[in-house]
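Peer 1: Sequence:
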Amino acid sequence: MKCLIVGLGSMGKRRARLLRGIQPDITICGVDFSEERRAEAESLGIKAYRSISQAVAAEQFDAAFVSTAPKSHAVVISELLDANLSVFTEINLIADGYKENMVKAKEKDLLLFLSSTMLYRGETQYIKQQVGAFGKPVGYLYHIGQYLPDWHPWENYKNFFVGDKRTGGCREIFGIEMPWLIDTFGPVKEVYAVKDKLSGLEIDYPDHYLVTLTHENGTRGQLAVDVVSPKAVRSFEVYGEGLHLFWEGNPKELYRFDAETKEKCAVETYKTVEHDARYSDNIVENAYVDELTNFLDALAGKAEPRYSFARDLETLVVIDRIEGD
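First residue of the sequence shown? That's 1 in my numbering, and the numbers climb one at a time after it.
Hints were generated in silico from the structure; no laboratory data involved. Remember, predicted model here, so these are calculated numbers, not experimental data. Don't take each hint at face value.
Stated by the list, open to error - Here are the simulated lysine to aspartate or glutamate pairs, EDC-like style, with alpha carbons at most 20 Å apart: (1) Lys271 - Asp290; (2) Lys108 - Asp62; (3) Lys2 - Asp297; (4) Lys252 - Glu263; (5) Lys158 - Glu172; (6) Lys231 - Glu248.
Said to hold, decoys possible - Across the chosen pairs, the derived CB separations fall in these ranges: (7) Ala266 - Ala310: 35 to 41 Å; (8) Phe246 - Glu216: 23 to 29 Å; (9) Ala224 - Val289: 26 to 32 Å; (10) Val289 - Ala95: 25 to 31 Å; (11) Thr27 - Thr293: 17 to 23 Å; (12) Phe33 - Ala224: 35 to 41 Å; (13) Asp150 - Ser78: 32 to 38 Å; (14) Arg311 - Lys252: 29 to 35 Å.
Cβ coordinates follow ideal geometry from the N, Cα and C atoms, glycine included.
Turn these sequences into a full structure, and let the hints guide you.
Peer 2: Below, the structure is given as structure tokens:
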């Protein structure tokens, strides 16, 4: 199999490394405007081109991966579809080109696969299963935050997409978290949000949100989302009469409360956990592997994607309501 990765930054390199772990005989080429990134990719055994047109003129690819900044996705995806390539794309955060690219992919019978890595986490799957088995409305509390300059310590936060209001840090957190919350608790009926600026960060969007979501089934959740917290945090709690789960963002800290013993009992969702030391401990490599496997299986006609552009359009509507003035 031969794949093209467009965008050879941190995510592009991660996708390449994990793809090689899944299929050791895979051939990977890349595209990036940056000469430095192309040189780094070449040192990693990835033949690199400056443009998509150069790459597709020189090679025959089975699929392409889009790991560029979100605002560029619509144009990049369209060009790849025009080259008759099925596409795996990182989260988009904005709906530019969605309908056009969905139509184009359907007309060409190509797979258009949208990343939503949290749907593949063992912990979120366990929470969904437990909430579904409980079968009644619940309440949940969720705080997700990390100081923005710590997201990519190797570069200034103003120099990558989180520095842009349309694809800012809080919006990316919502883009990452909302799909699994909606998948677990159902469609959102009502949104109430307050937002403010707590930091001196040089960004033109709020750095702190407090949000109440009311789901159609009566479940209510409260989210605190920020790019201010000095310690990376993902702290979740869901409760109902007879159900109480706790999750501190990594596989070693998922618990259920035992009403008989009055104790929190650890829940194991992974036998082994893979983690990249450059990132906080709530970022687990296993989920990225499972997501890529889902894409490859869908490409081979052996599985259905867990997420889609159509579902993401609905998610983005909720995020727009949260961010609305």
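Peer 1: Checking each numbered hint in turn, tell me which of them this model violates, lowest number first.
Peer 2: none
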